[in-house]
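S.K.: Read off the chains here:
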Amino acid sequence: NAGVTQTPKFQVLKTGQSMTLQCAQDMNHEYMSWYRQDPGMGLRLIHYSVGAGITDQGEVPNGYNVSRSTTEDFPLRLLSAAPSQTSVYFCASRDRVDSPLHFGNGTRLTVT
Amino acid sequence: GNSVTQMEGPVTLSEEAFLTINCTYTATGYPSLFWYVQYPGEGLQLLLKATKADDKGSNKGFEATYRKETTSFHLEKGSVQVSDSAVYFCALIQPGYSTLTFGKGTMLLVSP
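Chains A and B are the protein sequences, given in the same order. Residue 1 is where the first sequence starts when you use the working numbering, and the numbers rise one by one after that. Residue 113 is where the second sequence starts when you use the working numbering, and the numbers rise one by one after that.
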């Protein structure tokens, strides 16, 4: 059982480049979410989805797009990367509302 | 809105010392409360949870009691080990909401 798989593990981008962070889960979880983790800021929610075809904004959505065409996948797109988006990104999923979140191992992104 | 406040770290202890990491929250109603742990280079994983007042969550020697009267969920362990060195996050989820609110995390460093 792979759980939540994030790719890539590391990425370096130049300002203005675009890329997609991939997230896949094999637990048939309806809820999926993206967080960024920055020193002193804890975890901040970027976008989340409560099921295929449904997405919503979190606390810090600007500069990021998401889509949820299948239950398994929840990619995060950076359309024009900025240095402020340098961070560690975590994808997480869960079953019921009061179930624990299952996290991937993160993608460390550096924007120069 | 909801918020979670944790003591700032790092918390530095010697092996076998007693650990307390404070967590207080602001929320309406009766949220479910969680402690997550993040080991170096990994995503977060659930450590313990409590879903109603006076519940005690416990796991791996860690305990936390849901105190409605003081809106607190302090994490304790009687005797820490070097392997407990990690970042600990307190979190809550409000009934009827989809998303968790995390504290900023507390780093624990345990020396031999």
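To be clear, the hints were calculated from the coordinates, so they are not data collected in a lab. We treat Cβ as the ideally placed atom computed from N, Cα and C, and that holds for glycine. Among the hints, a few may not be true.
Some residues of chain A that are not near chain B, with every Cβ distance over 12 Å (derived) [as the list claims (entries may be wrong)]:
id	residue
1	Gln11
2	Gln37
3	Gln85
4	Gly106
Using 16 Å as the maximum straight-line C-alpha spacing, the simulated EDC-like pairs for lysine to aspartate or glutamate come out as follows [stated by the list, open to error]:
id	chain 1	residue 1	chain 2	residue 2
5	B	Lys172	B	Glu128
6	B	Lys180	B	Glu154
7	B	Lys164	B	Glu175
8	B	Lys164	A	Asp98
9	B	Lys216	A	Asp38
10	B	Lys216	A	Glu59
11	B	Lys164	B	Glu154
12	B	Lys164	B	Glu181
13	A	Lys9	B	Glu181
14	B	Lys180	B	Asp196
S.K.: Out of the numbered hints, which ones does the structure contradict?
M.R.: 2, 4, 6, 11, 13, 14
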